[in-house]
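Enquirer: Just need the whole structure built from these sequences, with the hints factored in.
Residues per chain, in single letters:
Protein chains: 2
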Amino acid sequence: MIPFPFRFRRKRRQVRTNPGARARVVIIGGGFGGLQAAKALADAPVQVTLVDRRNHHLFQPLLYQVATAALSPADIAQPIRSVLRGQPNVDVVLADVDAIDVAAKEIVLDDNQQARRLPYDYLILAAGANHAYFGHDEWAPNAPGLKTLEDALDIRRRILLSFEEADREPDPTRRKALMTFVVVGGGPTGVEMAGAIAEIARFSLARDFRHIDTRDARVVLIEASTELLAAFPDRLSQRSLQDLQRLGVDVRFGKPVTAIAPNAVTLGDEVIPANTIVWAAGVQASPLGRSLGVELDRAGRVLVNPDLTVPGHPEIFVIGDMASLKDARGRPLPGVAQVAMQQGAWAAANIQRAIEGKPGRPFRYRDLGNMATIGRNSAVADIRGLRLTGFVAWLAWAVVHILNLIGFRNRVLVGLQWLWSYLTFQRGARLITGAAE
Amino acid sequence: MIPFPFRFRRKRRQVRTNPGARARVVIIGGGFGGLQAAKALADAPVQVTLVDRRNHHLFQPLLYQVATAALSPADIAQPIRSVLRGQPNVDVVLADVDAIDVAAKEIVLDDNQQARRLPYDYLILAAGANHAYFGHDEWAPNAPGLKTLEDALDIRRRILLSFEEADREPDPTRRKALMTFVVVGGGPTGVEMAGAIAEIARFSLARDFRHIDTRDARVVLIEASTELLAAFPDRLSQRSLQDLQRLGVDVRFGKPVTAIAPNAVTLGDEVIPANTIVWAAGVQASPLGRSLGVELDRAGRVLVNPDLTVPGHPEIFVIGDMASLKDARGRPLPGVAQVAMQQGAWAAANIQRAIEGKPGRPFRYRDLGNMATIGRNSAVADIRGLRLTGFVAWLAWAVVHILNLIGFRNRVLVGLQWLWSYLTFQRGARLITGAAE
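Going down the list, the sequences are from chains Y and H.
Here the first sequence is numbered in the working numbering, starting from 1 and rising by one per residue.
Here the second sequence is numbered in the working numbering, starting from 1 and rising by one per residue.
One or more hints might be untrue.
Covered stretches of chain H, going by a simulated chain Y footprint (3 or more residues, C-beta under 8 Å) [claimed, not checked]:
| # | region |
| --- | --- |
| 1 | 48-56 |
| 2 | 93-104 |
| 3 | 206-213 |
| 4 | 329-343 |
DEER-style ranges, computed between Cβ atoms [what the hints assert, rightly or not]:
| # | chain 1 | residue 1 | chain 2 | residue 2 | range |
| --- | --- | --- | --- | --- | --- |
| 5 | H | N130 | Y | D98 | 33 to 41 Å |
| 6 | Y | D98 | H | F134 | 53 to 61 Å |
| 7 | Y | R210 | H | Q238 | 47 to 55 Å |
These aren't lab readings, by the way, just hints derived from the structure by calculation.
Every residue gets a Cβ at the ideal spot worked out from N, C-alpha and C, and that includes glycine.
Expert: And the structure:
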């Protein structure tokens, strides 16, 4: 589910009501929401501290391409420091946030095992979400999810190693399991992963092995509901299903996963032996929401006020995947970059209004459209009523994503690698790294 | 020390003396030597099995650029399978080799904890070398060496994290140690690492931190002998020293390192507190040489016959960093890609001669030249008597390395990233990944 445009617009709003007082704004998280908020405060009379546990902003919509060996980690990541280099009122701190002390108006950092406190006048909480296993955390080692670069490299290693092991496996049953790939969850990430794995097996690896035919690989996509890409119009959901099936993906609807063993997925009374299992089925908001002491929804998201503040705390804003809010028609806002970025800019604007003594304005979401890609020449896009499929949607998807990457270097490198992959059917980052020695 | 040209030439020599018998050739190692040997056997009446513990061939001369955030791992690596895809008489196996059973003419693979044996008629042993700590293996965790992509990413993480920690360190003594980088060993890798770290501190990071001036960073290069780049003519060694000093690198000669603690290097009676220590001082050949039961030199290399076979075993060839051999003037051949590749082709040719019943020919090394780079616009090159320095050498270095990367994709990507770095003074792969959570 791909929002666009992703561009970080720098808000040029000159507010100099009280130049002596520099309010301290702390932003937790350098994802789409937090980074946008920091940029939007460039000219505000505030001192911003952005805290992230990573040194890089990650362009998550393309993370599945790292997991499927198409791109390198550095192609979709950018150091937060260098993105904000030109903005003198921002300080970037690499640290884990342990807790928020709302009474003292301080956040507690874990700085090399030493607690360090950072005071704030305004706080923007944008720490995102992680994958969740619906109370089955024991599935995590068997079915990794896809949130960080490390996750992506882990999945890449599992996919590529499965083919390597299959090539030297004499037992046909075991070989079949090695060449079975199960993706759990039929949202955008699940659809994109399943399509990409099918393409690797059909095209990229087809001539590389002597003892197996990689085209025999089986990719199973499991969706507990009755349709893929539920956020899209029915016609596009249907089309994504057809496109996946044309790639040979076995899509299973209506039965939830009941167990995940190290080498098998149980689906009702069927057991699917599979060496590689990818989890793309659910997320849980960052546990930092709990330190606020306010009401959360089932996914751990904070039920925020319409102006994105926390009930009882007009100085705390929660945005992006951590916030639970409904749009004008009463539908919950989706957990996508587009929402996070617009909320980041909105929270920044409301902080400026608060400094000026004005009340905050309720957030209004402007839905610019959704896109998801299935594979080569195949995507679906729903852009304000305009519905695209096939090659046109795929081209639109590619252009929108390249334009919205941060940094000229990354745009050129991703564009060239896609062009190369398109022409050669190859994947340029087919490395097995980080394996246990 | 950069050989050129690196290109893997495919040897088109038609030998069909006995088409019924396909001799089995096993090659251990997919580095420069092993890969060249496999390519050179493309048209020989043999069945080749290439075994490597990695799925990729690594272009090691540019590994320091991954360690210093200039390139991504995939830019300098290529799947061995896809390099050899078009060669039907080669099978590639991803596995660790545990031992060589010379009596049975079999190698023993560690295949998922199960021993598996692979018989050979001819064996080419090209498993390379790893860094060695002169009997001080306890230094390894404090001063990582640079041989694998994982090593490079580990060093990259240490360098980038040091600046992050320094930025939030209030204690000046501790901050100074965080901003001190020690490289041990004044060979090509040490010189290249020291120059690259100095450039990161001086240029790439200069505007990114608010609490430190990264240009205050101190880079110390320790060489126990009295000159850098000992394999180069004196004038070039001198020049590399000047170029490093102009970048602010503190070069220390004549005193060997006597101790390496987690955050300090001891040099005689001086202790240099340093958070980041890189080991580039010594190598040790793969322990597989020991399974041959023949004489080894002090660095664990096999003393091979002039035709590259092992004394008493005309069917076993040892090449590259694992072989100890002298050139026509009695000087030991250096452990560089150039030697490994020429020996790979030579071993392949001698195997074909043996199949035809002819005696093997003694290896003759053709030295095409050495190059090492210090930094931006600064390198030294010694090409068959032609001695280049400064910008010209640097340009020659860049062109030779790009041309000798395997694969059009990697050449274009590396070229573009160098161009971008040159124009912007930035490093494109400034990611801290894989850190302990």
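Enquirer: Indicate, hint by hint, whether the structure satisfies it.
Expert: Here is how each hint holds up against the structure:
Coverage of the region 48-56 of chain H by chain Y holds [criterion: at least 3 residues with CB-CB distance below 8 Å; count 3]. Here the region 93-104 of chain H counts 3 residues with a CB under 8 Å from a CB of chain Y, which clears the bar of 3, and the coverage holds. Note: the region 206-213 of chain H has 5 residues with beta-carbon separation from chain Y under 8 Å; the three-residue rule is met and the coverage holds. Coverage of the region 329-343 of chain H by chain Y is violated. Counting CB-CB distances below 8 Å, 0 residues qualify, and the rule asks for three or more.
For N130(H) paired with D98(Y), a C-beta distance near 40 Å keeps the hint of 33 to 41 Å intact. Taken as a hint, the range 53 to 61 Å is violated for the pair D98(Y) and F134(H), whose Cβ atoms sit roughly 43 Å apart. Distance hint for R210(Y) and Q238(H): a CB-CB separation of about 53 Å, consistent with the stated range 47 to 55 Å.
Comparing the model with each earlier hint shows violations of hints 4, 6; every other hint is respected.
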